[in-house]
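Number of protein chains: 2
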Amino acid sequence: MTIDIIATLAAIVGTDHVIAPGPGMATYISEPRRRFHQTAAAVVRPGTVAEVQAIARWANEHGIGLIPQGGNTGLVGAQVPLRGDEVIVSLPRLDRVRSVDPAAGTITVEAGAILEHVHAAAEAEGMMFPLWLASQGSARIGGLLSSNAGGVNVLAYGNARELTMGVEAVLADGRLYQGLNALKKDNTGYDLKDLLVGAEGTLGIITAATLKLFPQPEDHETALVNVASPARAVELFQLLRERLGGRLTAFELVPALGLDMQLRHGMLDRDPTAGPSPWYALVEFSRMSGGDPGTLASAIEAAFTAALIDNAVLAESLADRTRMWAFREQMSEVQSKEGASVKHDVSVPVAAIPALIEQGSAAAEALAPGIRPVPFGHVGDGNIHFNFSQPVGADGKTFMAQFDEALHEAIYDVVLRLGGSVSAEHGIGQLKVDLLKRVKDPVALEMMRAIKAALDPKGILNPGKMLG
Amino acid sequence: MTIDIIATLAAIVGTDHVIAPGPGMATYISEPRRRFHQTAAAVVRPGTVAEVQAIARWANEHGIGLIPQGGNTGLVGAQVPLRGDEVIVSLPRLDRVRSVDPAAGTITVEAGAILEHVHAAAEAEGMMFPLWLASQGSARIGGLLSSNAGGVNVLAYGNARELTMGVEAVLADGRLYQGLNALKKDNTGYDLKDLLVGAEGTLGIITAATLKLFPQPEDHETALVNVASPARAVELFQLLRERLGGRLTAFELVPALGLDMQLRHGMLDRDPTAGPSPWYALVEFSRMSGGDPGTLASAIEAAFTAALIDNAVLAESLADRTRMWAFREQMSEVQSKEGASVKHDVSVPVAAIPALIEQGSAAAEALAPGIRPVPFGHVGDGNIHFNFSQPVGADGKTFMAQFDEALHEAIYDVVLRLGGSVSAEHGIGQLKVDLLKRVKDPVALEMMRAIKAALDPKGILNPGKMLG
Numbered sequence: 001m002t003i004d005i006i007a008t009l010a011a012i013v014g015t016d017h018v019i020a021p022g023p024g025m026a027t028y029i030s031e032p033r034r035r036f037h038q039t040a041a042a043v044v045r046p047g048t049v050a051e052v053q054a055i056a057r058w059a060n061e062h063g064i065g066l067i068p069q070g071g072n073t074g075l076v077g078a079q080v081p082l083r084g085d086e087v088i089v090s091l092p093r094l095d096r097v098r099s100v101d102p103a104a105g106t107i108t109v110e111a112g113a114i115l116e117h118v119h120a121a122a123e124a125e126g127m128m129f130p131l132w133l134a135s136q137g138s139a140r141i142g143g144l145l146s147s148n149a150g151g152v153n154v155l156a157y158g159n160a161r162e163l164t165m166g167v168e169a170v171l172a173d174g175r176l177y178q179g180l181n182a183l184k185k186d187n188t189g190y191d192l193k194d195l196l197v198g199a200e201g202t203l204g205i206i207t208a209a210t211l212k213l214f215p216q217p218e219d220h221e222t223a224l225v226n227v228a229s230p231a232r233a234v235e236l237f238q239l240l241r242e243r244l245g246g247r248l249t250a251f252e253l254v255p256a257l258g259l260d261m262q263l264r265h266g267m268l269d270r271d272p273t274a275g276p277s278p279w280y281a282l283v284e285f286s287r288m289s290g291g292d293p294g295t296l297a298s299a300i301e302a303a304f305t306a307a308l309i310d311n312a313v314l315a316e317s318l319a320d321r322t323r324m325w326a327f328r329e330q331m332s333e334v335q336s337k338e339g340a341s342v343k344h345d346v347s348v349p350v351a352a353i354p355a356l357i358e359q360g361s362a363a364a365e366a367l368a369p370g371i372r373p374v375p376f377g378h379v380g381d382g383n384i385h386f387n388f389s390q391p392v393g394a395d396g397k398t399f400m401a402q403f404d405e406a407l408h409e410a411i412y413d414v415v416l417r418l419g420g421s422v423s424a425e426h427g428i429g430q431l432k433v434d435l436l437k438r439v440k441d442p443v444a445l446e447m448m449r450a451i452k453a454a455l456d457p458k459g460i461l462n463p464g465k466m467l468g
Numbered sequence: 001m002t003i004d005i006i007a008t009l010a011a012i013v014g015t016d017h018v019i020a021p022g023p024g025m026a027t028y029i030s031e032p033r034r035r036f037h038q039t040a041a042a043v044v045r046p047g048t049v050a051e052v053q054a055i056a057r058w059a060n061e062h063g064i065g066l067i068p069q070g071g072n073t074g075l076v077g078a079q080v081p082l083r084g085d086e087v088i089v090s091l092p093r094l095d096r097v098r099s100v101d102p103a104a105g106t107i108t109v110e111a112g113a114i115l116e117h118v119h120a121a122a123e124a125e126g127m128m129f130p131l132w133l134a135s136q137g138s139a140r141i142g143g144l145l146s147s148n149a150g151g152v153n154v155l156a157y158g159n160a161r162e163l164t165m166g167v168e169a170v171l172a173d174g175r176l177y178q179g180l181n182a183l184k185k186d187n188t189g190y191d192l193k194d195l196l197v198g199a200e201g202t203l204g205i206i207t208a209a210t211l212k213l214f215p216q217p218e219d220h221e222t223a224l225v226n227v228a229s230p231a232r233a234v235e236l237f238q239l240l241r242e243r244l245g246g247r248l249t250a251f252e253l254v255p256a257l258g259l260d261m262q263l264r265h266g267m268l269d270r271d272p273t274a275g276p277s278p279w280y281a282l283v284e285f286s287r288m289s290g291g292d293p294g295t296l297a298s299a300i301e302a303a304f305t306a307a308l309i310d311n312a313v314l315a316e317s318l319a320d321r322t323r324m325w326a327f328r329e330q331m332s333e334v335q336s337k338e339g340a341s342v343k344h345d346v347s348v349p350v351a352a353i354p355a356l357i358e359q360g361s362a363a364a365e366a367l368a369p370g371i372r373p374v375p376f377g378h379v380g381d382g383n384i385h386f387n388f389s390q391p392v393g394a395d396g397k398t399f400m401a402q403f404d405e406a407l408h409e410a411i412y413d414v415v416l417r418l419g420g421s422v423s424a425e426h427g428i429g430q431l432k433v434d435l436l437k438r439v440k441d442p443v444a445l446e447m448m449r450a451i452k453a454a455l456d457p458k459g460i461l462n463p464g465k466m467l468g
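For the protein sequence lines, the chains are A and B, in the order given.
Start counting the first sequence at 1; every next residue gets the next number (the UniProt record's numbering).
Start counting the second sequence at 1; every next residue gets the next number (the UniProt record's numbering).
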């Protein structure tokens, strides 16, 4: 059977582009957090949309599971095998920029295009594609759309779904959905684009997308503001948003412990902040051409006047700005240097962020005395990466064995009580299948299952993911 | 059978809230453009979500078609009967504002709430709900969402879909989908909200929604700019958008003929423009608190300097602004005073607007010499209401009999060649069912039918609409 699969796939894409089980498959089946360990029946690397269609037709006929994979940067195991008998459809060869239209503000790219290359293609035409996240050097468009990726620019520009105007996708039986378009308004039927985006490859294999481009800002004004508490951070966010509207392009919260850790591990050449504070807000204003320099400074001035804050530092050079962003972007990495950690990608209504952090931290402390909460992230989106580092000196393995599950329970409990989501931007994949069944509106789950059965009756697309 | 229906519905909602066929039904079955003429088996006016559920359970059991109806302002016949045996589910009694949270920027309202009342509820809390269209005094939230309404603020704030965070809906069999939420990020499954929004009541009956609120602008700066051609208008739009970003909240194009007609019919107390011009652009900048007055003036100045325009007038009073907006808003109404008209609500990529207007006008003139093109609308959305008035002195009925169909063909032909949509904001309803079958990607239609069958297997929700 395995031989048949390999031979059949080779007949479709050529022997060079099929990988059989073995060491050559390693990079395709291991994922960033190394939680999931399962082989695949094969990896196939189609080079054209027609090849993806042929693979799906064949798989559908034989009931073989297909796992679409892009840059393999997903954090919930959606892009790696679950059972071991699936075929990974790896899309990096489908990486063309099909067209860029700066006047219309659109770019059409294939699923395998690396995000950074899409940035470059937009910039070459004087435009900007604002999806921006830590893995942009390897994450690819198909996966970014299938997981409805977020990142640091969601506040001003929206997540992957909002940045996508149309998609092209191969359906379970090989039919091609031709939904590419560059229209801002199109009320001709159900919103299939938004159904495919965020479906984690369970409803179709996205092969290309038309994405929105934006004018490049003339300049960025960036500051690190000392804030006394998450509640003060939310107030500051509201003041800045009122004054800066959609040009407030980032508002990120980081706790003092994050600074302390990064300085101790030599990850910052110097302290980027204005001085000690329990919390810091990284804020950025993107100035359009013709705008007045100093807009962020005067908005921060207003926050001083309102006695909302008492210290802040503005970036005065590109080096300052880079350091401030590094401070934010290195938050996830620094945790790995501090022993074991437990992570939650959650969201709540923006106004509930202070309650989330306070109640979640208290619940964790009650459970595991000495645990170190490191909540950080996108205040403007209500999206906190509610992470914890083990107590200093504790044994990592023992800590995880004892508290991992219980901490999840405790944090998700707080999140749900506050009307929040247990997966803000990372998705469900394999990691949160059981959790989803427990917390999601049962009617919503039934609707999802009905749609899945309607569009993929044999269940060959990313089987077992999201819906279980 | 009719008696059974009336009695059963009366048992659910009370006799006062059921209307049998006859004169009392008139306002429910006649629609704004008077194109569709069909009675209903009954009109039922539920007062609670539980009553809507009971109606659906009963209808699903007996295979009775249900037509959700809000303010009955739709322009494509989605909200009125097609066969004559359907029951209209009229939702105005479900009109509560369930909650407003200005800090979170959300409002939760029931389907029957009138748009203008939602505006008022938001303003009472110092916020703004930016969905704004001519029928806002009678259009209701459920219909606005089901038709994914657009309007004049889409440019800056998005259409109804983008303004909706979550919906609650009764499914075909009476189950309640509880998808209300106020989260900016929530990657826990398929995007059911966006599937229900714009589905024209064929997948569920929306009973409530959580909508996005925005800070109220401190002031509006409004201008009427003389533009030499649609191409110049697109260039002006791009210049303004680059300088004003998301604070450019309107960019509407109107032809000289529109001004001429309105002045002749006494619909304007005086000419709101800077003087004769083949085209006019109504542009508006919404200034946030702390912003500099005169931002629009200096952006227009830049357009002068770039020799893009040579005349413009800024509103200097609320009366000026009101007159400028009346000039734009009365475009549809004035056409009815000029004899027969043929209308198309279409969109193309923004950059293709000049080609659309040029090619569409030429095609119409070739077909019906003397015909008067009156294309106007939302340049920034690529959405033109491509309307035509009959030649001066022609007989309206003869004109329509001769040219109505052929004009549609000609215009949709141009639209499709330019990669556009045959329904930008009004939807499909009854009016464009056949057109949709002809022009839509056949795989998309198959996906839509599969989803419809999965969620409404007996086909009781708005039967025959959209999908035929």
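Possibly wrong hints are sitting among the right ones.
You can't tell identical chains apart in this list, so a pair holds if it fits in one copy or across any two.
To be verified - Restricting the straight-line Cα-Cα distance to at most 25 Å, the calculated cross-link-like pairs of lysine-lysine (DSS-like) are:
#	residue 1	residue 2
1	K337	K397
2	K440	K452
3	K452	K343
4	K440	K337
5	K343	K458
6	K437	K452
7	K437	K337
8	K452	K337
9	K440	K397
10	K458	K337
11	K458	K397
12	K397	K452
13	K397	K437
Hints are computed from structural coordinates only; laboratory data are not their basis.
For each hint, the structure was consulted:
no. : hint           : verdict
1   : K337 with K397 : within (15 Å within a copy, 80 Å between copies)
2   : K440 with K452 : both (16 Å within a copy, 22 Å between copies)
3   : K452 with K343 : neither (29 Å within a copy, 39 Å between copies)
4   : K440 with K337 : neither (34 Å within a copy, 54 Å between copies)
5   : K343 with K458 : neither (35 Å within a copy, 45 Å between copies)
6   : K437 with K452 : both (15 Å within a copy, 24 Å between copies)
7   : K437 with K337 : neither (34 Å within a copy, 59 Å between copies)
8   : K452 with K337 : neither (41 Å within a copy, 51 Å between copies)
9   : K440 with K397 : neither (31 Å within a copy, 56 Å between copies)
10  : K458 with K337 : neither (45 Å within a copy, 58 Å between copies)
11  : K458 with K397 : neither (41 Å within a copy, 55 Å between copies)
12  : K397 with K452 : neither (39 Å within a copy, 50 Å between copies)
13  : K397 with K437 : neither (28 Å within a copy, 60 Å between copies)
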